[in-house]
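Chemist: These protein sequence lines are chains C and W, in that order. Going by the working numbering, 811 is the number at position 300 of the first sequence; the sequence numbering is gapless. Going by the working numbering, 636 is the number at position 125 of the second sequence; the sequence numbering is gapless.
Check each hint, because a few of them may be wrong.
Identical chains share a label here; the pair holds if one copy fits it or two copies do between them.
What the hints assert, rightly or not - Below, simulated SDA-like cross-link-like pairs (lysine to any residue); rule was C-alpha separation at most 20 Å, straight line: (1) LYS732 x LEU743; (2) LYS670 x PRO617; (3) LYS531 x SER692; (4) LYS683 x TYR595; (5) LYS648 x LEU638; (6) LYS683 x LEU599; (7) LYS732 x ARG809; (8) LYS670 x ALA650.
No lab work stands behind these hints, which were simulated from the structure alone.
Given next are the chains, with one letter for each unit.
Protein chains: 2
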Amino acid sequence: MSILVVGSVAFDSLETPSGKRERVLGGAATHFALAASYFTKVRVVGVVGEDFLPEHENVLTNKGVDTKGIERAPGKSFHWRGAYLRDLNEADTLATDLNVFAEFAPKIPAEYADSEYLFLANIDPVLQLRVRSQMPKVAMVAGDTMNYWINAHRENLLKVLREMDVLLINDKEAQMLSGESNGLRAAEAVMALGPKSLIVKHGEYGATAYFSERSFGDGVKRRPFRAPGLPLHEVVDPTGAGDSFAGGFYGFVASQQQLTPELFRRAMFYGSAMGSFAVERFGTERLQQTTRAEVEERIEHLRELSHL
Amino acid sequence: MSILVVGSVAFDSLETPSGKRERVLGGAATHFALAASYFTKVRVVGVVGEDFLPEHENVLTNKGVDTKGIERAPGKSFHWRGAYLRDLNEADTLATDLNVFAEFAPKIPAEYADSEYLFLANIDPVLQLRVRSQMPKVAMVAGDTMNYWINAHRENLLKVLREMDVLLINDKEAQMLSGESNGLRAAEAVMALGPKSLIVKHGEYGATAYFSERSFGDGVKRRPFRAPGLPLHEVVDPTGAGDSFAGGFYGFVASQQQLTPELFRRAMFYGSAMGSFAVERFGTERLQQTTRAEVEERIEHLRELSHL
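This is chain C alone, in the form it adopts within the complex:
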């Protein structure tokens, strides 16, 4: 089944202990779409500028991603400059040039209306809500957000959270959103705000899924599930790891018939696998190159890492 993802398509300039790259293709929707493309059909709604060339579009279309929803606007694409020299787990933002993204008003092509799965990547919650309301018939809504929206646009964010089947955020965002420093209490407080299920990402340590009585429609509240992060010899560029996790997770969910607890757990492993690929090269390099067989091999490694 098809996923519609709305979010940023951008250029990233990056510096990490492994080197530097200028203006490589990035953005939440890009990482998400590439990761999900290994499992299911993906359609992207976003906006780019005149610097988005056929070679960039090909990165997505080569993997079967539908780019008809990527609007071209006069000017330059969103550009982010960041460095991970202090700590590979935390980016220092050096520049954020919103450019055409500043006026982003998501337009959903008519042919995208039958998408069964909606992913609201990290953008203004007002836009997330607008897209959600234009897709009333989707079977499932998942999404992301960040500290800026949690702090400065909380009212709007709370409206989106009520629409979410699965919210994916990191530890700090869960703490900020809930006001709770304890991970389990934070998760319960966040789910009380709306999301039926919550995935909290722990960087290199993986991610934990928390469930509510509403997670699987059977009124049963299940205990948390942890997908480990794979130990890697080199983390070249952490940018997009979380979006790649989301793409792997949601792509696998959308490729299956029904969301069961077992499927949710397996999807967590696919998320972790795609996140582990993402960080092995700069930008989307590694996500462009992997194969489904390589993905399955990594699932086996994750199983070996975590199973008695």
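Based on the hints, put chain W in the right spot on chain C.
Modeler: Positioned in the frame of chain C, the structure of chain W alone reads:
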């Protein structure tokens, strides 16, 4: 089979978001011994002062721990004062009164000579080495250390590391010891210094075991194994979590016939289970109270948390 543990038996004065406690029984050897006592016989070599009363000794003997190796010296026991108000994952040390521990010269009772397993808790590596040389016939040596010894007593520490079958340290210590920030490369560099296997503790996220070709005597190098940390509603007092992990891990290992890869993985889960109990109450309160049935229940929770 029997474990001989050498390390601190102390009093801790603690402040955490959950409250304050003055002079509760603590110390690495105490936490280790209580956690291991659920699985095997434990003998403690340490030193205490005149403030160590029968009620304190009973905490250990009630769990079958052999305390004949705890020497009584004139003066006061080791006392540590710490707070976790800033961050539950990192203690702020407010006072360290070594007292009788400053002159600690481990004396091993003759009847302890047949102990098959040796655990060298975090003390001066010179003392660790001295104890090790007095126990030439043990089947296995495991141990711990800390940043102080890594930085200021590196030469001595390196001698102990060459004696270790399993070293247990945390992420920061592994980085400091190896000079590597990447977890996997750090682990390989640490094992190159001597330990056949390495367990790196990640606080609330659990711990990862790394293996070398020497881990199981068959020349085969296995991939890492991660035991997750159990999400808990309240972490009351993190003091001793790492020592309790070590006690659960090593106690389970010592209770079995032979160290196989499968046993090592299961022992990691017992370590995580005992660590999770330790932090639920102040000091050793929770470790005194649990039952083997409760331990097994927690193993089941860890399995549910991590298994597809």
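Chemist: It remains to establish, for every hint, whether it holds in the given structure.
Modeler: Going down the list of hints, with the structure as the test:
1. LYS732 x LEU743: between (34 Å within a copy, 16 Å between copies)
2. LYS670 x PRO617: within (18 Å within a copy, 64 Å between copies)
3. LYS531 x SER692: between (35 Å within a copy, 19 Å between copies)
4. LYS683 x TYR595: both (18 Å within a copy, 18 Å between copies)
5. LYS648 x LEU638: Within one copy, since 18 Å is at most 20 Å while 70 Å is not.
6. LYS683 x LEU599: Both, since 16 Å and 14 Å are each at most 20 Å.
7. LYS732 x ARG809: between (30 Å within a copy, 18 Å between copies)
8. LYS670 x ALA650: Answer is within: at 19 Å inside a copy they meet the 20 Å cutoff, but 61 Å across does not.
Of the numbered hints given earlier, the model fails none.
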